Structure formats: structure tokens, C-alpha cells
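Given the sequences, and given the hints that come with them, work out the whole structure.
Residue numbers (our numbering), protein chains in the order written: chain A, 1 to 100; chain B, 1 to 168; chain C, 1 to 634.
Treat the hints as calculated values from the structure; they're not laboratory data. Given the structure is predicted, the values throughout are model-derived calculations rather than measurements. Built from N, CA and C at the ideal position, the CB exists for glycine as well. Careful, some of the hints might be misleading.
[Said to hold, decoys possible] Partner residues are not named here, just some residues of chain C that face chain A (Cβ under 7 Å, in silico):
{"no.": "1", "residue": "GLY609"}
{"no.": "2", "residue": "ARG610"}
{"no.": "3", "residue": "ILE611"}
[Unchecked claim] Cβ-Cβ distance ranges computed for the label pairs, FRET-style:
{"no.": "4", "chain 1": "B", "residue 1": "LEU146", "chain 2": "C", "residue 2": "GLN597", "range": "35 to 43 Å"}
{"no.": "5", "chain 1": "B", "residue 1": "HIS28", "chain 2": "C", "residue 2": "GLY600", "range": "38 to 46 Å"}
{"no.": "6", "chain 1": "B", "residue 1": "VAL149", "chain 2": "C", "residue 2": "GLY600", "range": "37 to 45 Å"}
{"no.": "7", "chain 1": "B", "residue 1": "ALA63", "chain 2": "C", "residue 2": "LEU21", "range": "28 to 36 Å"}
{"no.": "8", "chain 1": "C", "residue 1": "LEU21", "chain 2": "B", "residue 2": "VAL149", "range": "13 to 21 Å"}
{"no.": "9", "chain 1": "A", "residue 1": "ARG86", "chain 2": "B", "residue 2": "LEU95", "range": "33 to 41 Å"}
{"no.": "10", "chain 1": "C", "residue 1": "ALA60", "chain 2": "B", "residue 2": "VAL149", "range": "38 to 46 Å"}
{"no.": "11", "chain 1": "B", "residue 1": "VAL149", "chain 2": "C", "residue 2": "LEU33", "range": "25 to 33 Å"}
{"no.": "12", "chain 1": "B", "residue 1": "HIS28", "chain 2": "C", "residue 2": "ILE629", "range": "32 to 40 Å"}
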Amino acid sequence: MIPAGAFLALAAALFALGVLAFFVKRDLLTQFMAVEVMLNAANLAFLALAKASLKADAQAVVIFVLTVAAAEAVVGMSIILLAFRRRKTIRTDDLSGLKG
Amino acid sequence: MAWVVFGVLSFFCLGSVAAMIVSRNQAHNALFLVLAFACLGGLFGLLDAPFAAAVQVIVYAGAIMVLFLFAIMMIDLKGGLPPERRRYVLVLAGLLGTVLLAELLLVARRAFIGAAGTVPAEGSGPAGIGHLLFTRYLYPFEITSLLLVAALVAAMTLADKPDRKGVP
Amino acid sequence: MARELWLIPLLPALSSAVLLLLGSRLSRRWISLQACLAVLASLALSAAALVRLLGAANGAPPLSGTLFTWVASGSLSVPASLTFDPLTAVMSLVVTGVGLLIHVYSAGYMAGDRDYSRYFGLLNLFTFFMLVLVMASSIVLMFVGWEGVGLCSYLLIGFWFEKPAAARAGMKAFIVTRVGDAAFVLGMLTLVAAVGGPEFARINAAAAAGGLAPWLATLAPVLLFAGAAGKSAQVPLYVWLPDAMEGPTPVSALIHAATMVTAGVYMVARLNGLYSASAVAGPLVASVGAVTAVFAASLALVQTDIKKVLAYSTISQLGYMFIGCGVGAYGAGIFHLVTHAFFKGLLFLAAGSVIHALSGEQDIRKMGGLRRRLPRTFPAFFVAALAISGIPFLSGFFSKDAILTSAYEGGHLAVWLLGLLAAVMTAFYIFRLVFLIFFGEERTDAEVRRHIHESPPVMTVPLAVLAVLSALGGLIGLPAVFGERADLLGRFLAPVLKAAEAPPAAVEWNLILVSTTAAAGGLFLAFLFYLRYPGTPARLAARWPFLYRTLIGKYYVDEFYDAVFVRPLVRGSELVYASFDLAVIDGALNGSAAAAQAAGRGASRLQTGRIKDYALAFLLGAVLFLGFILAWKA
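Structure follows, in C-alpha cells:
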């Protein structure tokens, strides 16, 4: 039987990779994907702990995370689309007008 | 046997995310992500969460990634972008990322020692989840449905052709 | 029947939300219809719950419904949970029943008002909070309703906020009750901390079992009663209620006569275990009630504003209810609460009808002879006046008698005598109103006289219904001399409020005779003073000018509070404003603003607009946070 710690370690690695991807990539879309990776790492951790604690509650939380992620993806994507239409770019460094 | 499956799935999962970092082609990136999510679905299955696994494959690897591909199609990015070059971002991100990984692994190590559940959690099947969602988590569940509607409306408003009303 | 209980308060809340948010787009007819239907639905659901309650086996637990855990903090857990036991049944039927009649009446009374939807929205909101107050199964949730009705009271007193007097009256009501509420919060917190839970059942059980420290068992009920004295306008915190009459008349009927002001009585009855366990609290409640009953009745004798008379009358009658609760006859107190809701609601609505007919005139010296001009309002007012005076076989007679009998039986002779004195004065001032408004010569202004008209049916039908209830409502609580099982209300409430011991029949008959004599005496005096020899009051006033001026001046309590509390506070505030506020606070504020500006200019360099810089900050935060947790748990 695989201990929960193994899954947690995998989740940690996945999360760290997501962080790395977010900082290395320079276009909004791929950075967005990196965020999704981090969310999934969190889900994996939830499920591992659900199994370890013998409670199904964390599984319900995973469903909520999935739903929120879907909503977030839809809205985020339309914002990216809008930004692209307006500025003809999705390079994050070019989209830096939001400051005081 | 379980260890083998676990090893293969986690290898492909981490590998495809790493490949995503290296590759410059956005369409390839999206496909790598599909692979990673599918592997995660398998891992969820290993964790006695069949419902989460199915939803992961259907919603994430399916619906959300199709959405990404659509966006990639509409945003024509020739040749892709080179990776980040600013030194301080890379150094700081690498440093902090490593510390974070170390910390997370420290947390995970404690769970390694703790006894792993050998039987599936009570009510971890689809029926059990459904029951939970409609009893203890009824209010969050209903609020989530509101959130989805709001997201739907927001997406339509945002992505609408700008010339009809001028805004946004 | 569990969670469905929540529908009873939530339907008016829903309707209120619709009215307050979308009111301007709805037609007036729809607004009043929706508001009334929401309350009607609550009434029907309450009745259904009552039927269920009656059908349940004896000794079965009361209906209750938990929606969710509201507060979960350490060992303290407060569920958002409602209970429907006999006491709640009585209260929620009064709130929704009388409330419905007043909603209907309002549709006619407010017909000409601009802010129709705001009025009904607030009225529905009030109904919601009042229902939460009476249905809550824990003192913390009750407090939510308690404050909510206070808020609605404030908003509705100041409904015509363009009138400065109304705006001021609203603030006065809010601030004066706040004084009591501060004590209430303290009492609530000590109680919850001592008992370990906020549920009424636990508090009563702990108090009855002697589980509270002696000082606590005295302090907590006294503090809570201070809150009740604020909400229910008892001495010394009664001063807000007469001013509250600036609000629309149906509001005075609903909030400041029938329901909200009785919340204090309900609270004492609900915590009867706590109050019975203390040797100090009960007598204190009874004495404050008795003093208030006489004090407010004496003020009602000389007021010339029709609504002010009724306001002081309400304060006085609330004093009666507290007498009942204070001497341990909680059932009698609740009984009087119910009958009072009927006849005082009716008095206010009929007074509103009179005011409506006279184009807004409220001075009883400018009325008179309206008996024939208002053929439907007059009998209603008359029945209510008979009921409140305690004329036999009308509702007020039985409930007042139940209270006075319990006071006498409990050996509280002084309280009993004060109650009797208040009864004489009650009969006097209420018939003073009747004779001055409906009998004698017409003293109305010529302009007003031409426009006198009886109110439309939408206003007179509620009057008729309430008149029937005022006349016959007493039959639910007949005294023991009419038979062992005559006291329906008392037997119904018995699971929650233990019934008082009935005195021997001979004593009871004598007491009935005494209180009837008191009522008739007051009525007869009013007849002599205002019909037979109309010059008498003026002569008496000339004979004892000091007494008259003191009464007209309302014992100068407002002036006293003004001099002792309000003006020093204002003066002190001005002083503090000039010396401390301008120099120190403003100086510090301006200094810190300048510093913040400078710091902001520096910090705005950090805001590069580049996502990755922000994400780095995120990452740093996450690393530090996780590190902190790891170090802390290690």
C-alpha cells in the first residue's frame, strides 16, 4: 500500500513545477496552464489526506475546487481573449499598465 | 503493483509538466497538460476516489483543455515566446521555489510516518460524495452553482464583440 | 417539521428583499398584496405548526429545526436553530396574526404615501426579525432578532425622515434602547460563558438545578432585564416610546404596541427558569413593572395628543406584564401580552382611522362628537376601551385579573395595590379619550370638519376583526373559578411555563369584584369629568397647578436626562473636540496622512504592473507562512 506521504511528496513536486513554469513562461496562456497545474497539485494533496483520514469530506472539497477552477478558466480565458483583441499581445511583460 | 502504477503515472505527470516548461509551442503545451491531467486522474483512482478521477478526466483533461485549445487557435502567436530572461525573477523564483518544495516535503514526510488508510474512506464512491454534497455541503454546493452562472454571464459579456455597445 | 420552520420567518424576509430592492418597479397594488401574502403565509405555517404541536404526544420534545452551525468556536457552538414550543406558538401567532391585520390596514392608511414599497419592505423585514426573536432556540440568535427589530423600529419611526422630529425620535429610540442593550449583551455573555451554551433549554435547566454561582444567578437576570426595560420601555428607559409616535400610526400599532415592545416580556418568560431561581430578579421585575404601570398611567391622564396617551398607556400595560412575570405568573404575563396586542393594536388602528378622518389632526382638544361621523371606527374604539379598562368579560379583564390575582396570592401586596391604582387610572384616561373624541360637541376646525370621512373598508375590516378578538380573546384564559380546565392558554403553556397556583374561589371572586370596581370607578370618574361636568379638569388644574404642571411636564424626566446625561455629554464632547480632537487627533491624522503619502510614493515603485513581480511576493508570503507553521508545530 502506498502511504499518503508519497502522494503528498508528488503533490509538492507538482506544485513546485507549476511555480517554476509560471515564472519561466512569458505568455499569459501558458502561465494560466501553470496555475491549473498548481490547483491540481492541491487537489492531489486533498485526496491523499482524504484517504489517510478515512473521511470523504476532502473529496467534496475537490469537487468544489474543480468547479471553481472551471469557472476561473472560463473567465480568465475570456479576459485573455479580450486583452489580446485590445493590445494584440499576450506577453505578460507588455501588459503592465495596471499600476499607480 | 500499486507502486509500479504510481511510479509510471507520477513520472509521466511530472515529465509532461517539465516538457511544458521547455517547449515553446503553445499547442504542444496544452497537449502536455492533457497528458499530465490524465495521469493525475489515474492517481486519483489509486487514492480510492473514482468520482474525482472521472471528473478530472472529463472536466479537466476534456472540457477545460478544449477551452485552452480554442483560445490558442484564436490567439495566433507566431513562433512562441522565449523563456524568461530577467535575472532577478529567475533567481528569486528558483530560490523561493526550492525553499517551498523543501517545506512541502517536510510536511509530506510527517504523513509518511503516519499510518496510511488501508481501506477506502467511508462513502468515497459517487453515491457517498453525492450524499455529502446534498447534506453537509448543500449551501456551498448551491453557492457554487451561482458562481458558475456568474462565470457564464461574465464570459459572455467579456468575450462579446466590442463594437455592439462600445463596452468593454 | 424541522427545517421547514425556517420558512415562517424567511417568507417575509424574501418579500422584504424584493420590495426593498425592486420596489420602485412594482405597482402599488402588487406591493401591498405581496407584503400581506407573505405575512399570511407565515401565519398559515405557524398555524400548521401549532396543529402539529397540539397533535404531538404529551411530553414530546418541541418542534425544532437547525439550519446550520452559525458559530463554532472552541467549545462554544451556536446553531442557527429555531424552536416551536407552546410559548413560541403563542408569540408567533400574535406576531403574524396581528401583523397581518396591520399590514392590510396599512394598505389603506399609507395609500397616499410616496415610499409605498419602502414602507412595506420595512414592515416585512420587521416581521422577519420579530419571528426570529420569538422562534430562536438560543439567546444568541434571539439577540439577532432583538437588534433587528430595533433597527426596523428606528427606520420606521424615522420613516418620514424629512420631518426633523421624526428623525430625532428615531435616533432617540435607537440610542435609549442601546443603553439597555449594552447591559443585555453583558448579561448574555456572562450567561453563555457560565452555562457553556447559548440554548434557552440549557440555561433554564442549569439555573433551575442551581448550577450557577449565586452572584451570577442574580447578576445575569438583572442585566438581561435592563435590556428588557430598554426594549419594553420600562422605568427608567421608557422615554423613547412616547417620541416614537412620530412614526406612521400602523407602525405604532405593530411595533410600539403589539409586538416589539413586548419582546422584553417574552424574554423574561422564556428564561423563566433563570428568573425563578433568583431571589432578587423576580421582585425587581415586579417592582419595576408596578412602578412603571402607575407612573406611565399618571402621565397618560393629562396628555392631549391621542397617540401620546396611547403610548403612555402601552408603557403602563407593559408594566402589568412585567408584574405578572415578576411574581412568577409567567403565563398570566403572556396572556396579558396577547390580549394587549389585540386591544392596544385596535386602539392604535382606530386612532389612526380618526387621525386619517381628521386630515392628520392628533390633538384631542380639537376633536369631539365624532361618534356619528365615524360609525365604524367608534364601536371598535369603544370595545377596545372597555377591554383595556378591565370591564368584565372582555379580554383585558381576564388577563389583568390573572396578573393581579397572582400578585395578591404571591403576597406582593404593594405591587397589587399599585396595579389596582393603575387600573383605576387606565379606565379613567382611556374613557377620557373616548368622551373627548367621540362625545360632546364638535371642536374640530371648520376646514377639517368639511372633510371628515369614514375610512375605507381595507382599514375598517381589520378594526372589526381586532374588535372581535378584543372582546372575546379573554375566553382562552378563564380564571379557575369558571372550572378546573377553563384556563386553555395556561394549560397549553404549561410545558414551558409552570402555571401559578389558583387561589380559593372566595378570594378569587373578591379580587374580581375589587378590580371590577376599580375599572368602573375610573370609568365613572371620566364620565363625571368629561361629559357630566366638563369644567372639572380645568378647575382641578387651577387648584393644584404644581401637580398639573408636573404631569404635563412628564415629571420632567426628559429634562432631567437632558441635563444630567445628554447636555454634559454634548458639552464634554465639544470640549474634547476643541482641545483634543483638533490638536492631537487631527494633528496626528494629518501627520500620518502625510507620512502615508510619502511612504506610498516610495511603495508605488514596487507596483511595477508586472505580474511576475507580484507573483514573487505571493511566493515569498507562502514560503514564510509555511515556514512559520512548520517552526511553530515542530
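Hints, verified against the model:
Proximity of GLY609 of chain C to chain A holds as hinted, the smallest CB-CB distance being about 3 Å (cut-off 7 Å). Here the hint on ARG610 of chain C is kept, as its CB sits about 5 Å from the closest CB of chain A, short of 7 Å. The interface hint given for ILE611 of chain C holds, since its Cβ lies 5 Å from the closest Cβ of chain A, which is under the 7 Å cut-off. For LEU146 of chain B and GLN597 of chain C, the hinted distance range of 35 to 43 Å is satisfied, since their beta carbons lie about 40 Å from each other.
Range check, HIS28 of chain B to GLY600 of chain C: about 44 Å between beta-carbon atoms, so the 38 to 46 Å window is met. The given range of 37 to 45 Å is respected by VAL149 of chain B and GLY600 of chain C, whose C-beta atoms sit roughly 38 Å from each other. Checked against the given bound of 28 to 36 Å, the beta carbons of ALA63 of chain B and LEU21 of chain C, roughly 35 Å apart, stay inside it. The hinted window of 13 to 21 Å between LEU21 of chain C and VAL149 of chain B holds, with their beta carbons roughly 18 Å apart.
Checked against the hint of 33 to 41 Å, the pair ARG86 of chain A and LEU95 of chain B passes, with Cβ atoms roughly 35 Å apart. Range check, ALA60 of chain C to VAL149 of chain B: about 43 Å between beta-carbon atoms, so the 38 to 46 Å window is met. VAL149 of chain B and LEU33 of chain C have their C-beta atoms about 30 Å apart, which keeps the hinted 25 to 33 Å range intact. Judged by the Cβ atoms, the range 32 to 40 Å given for HIS28 of chain B and ILE629 of chain C holds: they are separated by roughly 38 Å.
Going down the numbered hints, you'll see the structure goes against none, and every one checks out.
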